[in-house]
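Enquirer: Sequence:
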Amino acid sequence: CGMPALALTDHGAMHGAIEFYKACHAQGVKPILGCEVYITTGSRHDRTPASAGGPATHHLVLLARDKTGYRNLMKLTSKAYLEGFYYRPRIDRELLEEHGDGLIALTACLKGEVPSALLAGKEDKALEILGFYQEILGRENVYLEVQDHDIDEERRVVPLIRRLAERTGTKVVATNDCHYMTRDHAESQ
Numbered sequence: 051c052g053m054p055a056l057a058l059t060d061h062g063a064m065h066g067a068i069e070f071y072k073a074c075h076a077q078g079v080k081p082i083l084g085c086e087v088y089i090t091t092g093s094r095h096d097r098t099p100a101s102a103g104g105p106a107t108h109h110l111v112l113l114a115r116d117k118t119g120y121r122n123l124m125k126l127t128s129k130a131y132l133e134g135f136y137y138r139p140r141i142d143r144e145l146l147e148e149h150g151d152g153l154i155a156l157t158a159c160l161k162g163e164v165p166s167a168l169l170a171g172k173e174d175k176a177l178e179i180l181g182f183y184q185e186i187l188g189r190e191n192v193y194l195e196v197q198d199h200d201i202d203e204e205r206r207v208v209p210l211i212r213r214l215a216e217r218t219g220t221k222v223v224a225t226n227d228c229h230y231m232t233r234d235h236a237e238s239q
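Using this note's numbering, the letters of the sequence shown correspond one by one to residues 51 to 239.
Simulated from the structure, these hints should not be mistaken for lab results. Fair warning: this is a prediction, and the values are worked out from it, not measured in the lab.
FRET-style restraints, in silico, Cβ to Cβ: (1) Ala236 x Glu203: 19 to 27 Å; (2) Tyr137 x Val79: 32 to 40 Å; (3) Asp96 x Lys175: 15 to 23 Å; (4) Lys125 x Lys80: 18 to 26 Å; (5) Gln184 x Lys161: 18 to 26 Å; (6) Arg138 x His199: 19 to 27 Å; (7) Ala102 x Val223: 33 to 41 Å; (8) Gly188 x Glu216: 17 to 25 Å; (9) Phe135 x Gln77: 33 to 41 Å.
Listed below are the simulated DSS-like cross-link pairs for lysine-lysine, each with C-alpha atoms no more than 25 Å apart in a straight line: (10) Lys175 x Lys221; (11) Lys72 x Lys125; (12) Lys161 x Lys129; (13) Lys129 x Lys117; (14) Lys172 x Lys161; (15) Lys161 x Lys175.
Built from N, CA and C at the ideal position, the CB exists for glycine as well.
Just need the whole structure built from these sequences, with the hints factored in.
Expert: Next up, the structure:
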């Protein structure tokens, strides 16, 4: 396929990880196992809807850096279902602190905590959130993520992310939010 490595980051689960791992190895591609987790701004145990003042839920991409990271991803996704499920399997900051070893984080799409804060005009809040992730996972293991899917909000947030990167020295990674390979797979989404 011409790529040296490829990541799979399904939303809230790792159901495809083993099949993905085997398929990548069969093609000589390095598999990067991950998950786009749902992280709540409050406790994973809180079931109060955000519309009623409960905690918001955001996206965060987590990638396994090594076997420890893979084990921690499995723990996080399992606990998200067993302890944090409220419409979606959710983790919270407490769980991430407990199971953050061996993980790399990307700040995710427009639904990520950092991009959401930036779009709301809360650069100091975005800085605080980024600092929290860097403190837990290590500064070198947290990346600001940018995407370009021809969406107005993405065009607005990219320069804000660039400014935050320059201000903090955080590396930026460009990703593509692929949900299927070909148009005929769209129906399964």
